[in-house]
Amino acid sequence: MRGWLETECASPQQLRYRFIPADTAEALTLLNTSMFSLLNAFEPDSGVRVVDAVIVWECS
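Quick note: the sequence shown, position 16, residue 22 per the working numbering, numbers continuous.
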């Protein structure tokens, strides 16, 4: 499991965010490997009806 990113990125990278719709495979992967693993909950087959979307902050 990945931890929280630092609020500052190594130069010349910048901290940016991405909006990931709930109906994408990437959102489902993030839910099942990060968020639901923290809750020890049942892994859903789709992000739809679980979340509206996922916002990811990452250095790029």
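Calculated directly from the structure, the hints in this document are not laboratory data.
Each residue gets a CB set at the ideal place from its N, CA and C atoms; glycine is no exception.
Certain hints may be false.
Simulated restraints on C-beta separations [what the hints assert, rightly or not]:
# : residue 1 : residue 2 : range
1 : 55        : 19        : 11 to 21 Å
2 : 17        : 56        : 17 to 27 Å
3 : 19        : 61        : 30 to 40 Å
4 : 51        : 17        : 38 to 48 Å
5 : 66        : 40        : 16 to 26 Å
6 : 19        : 50        : 30 to 40 Å
Evaluated hints:
1. At roughly 35 Å, the beta-carbon separation of residue 55 and residue 19 lies outside the given 11 to 21 Å, and the hint is violated.
2. A hinted range of 17 to 27 Å is violated for the C-beta pair residue 17 and residue 56, which are about 37 Å apart.
3. Look at residue 19 against residue 61: about 18 Å separates their beta carbons, and that is not inside 30 to 40 Å.
4. Distance hint check: the CB atoms of residue 51 and residue 17 are about 41 Å apart, consistent with the given range 38 to 48 Å.
5. Checked against the given bound of 16 to 26 Å, the beta carbons of residue 66 and residue 40, roughly 18 Å apart, stay inside it.
6. About 32 Å separates the C-beta atoms of residue 19 and residue 50, a value consistent with the hinted range of 30 to 40 Å.
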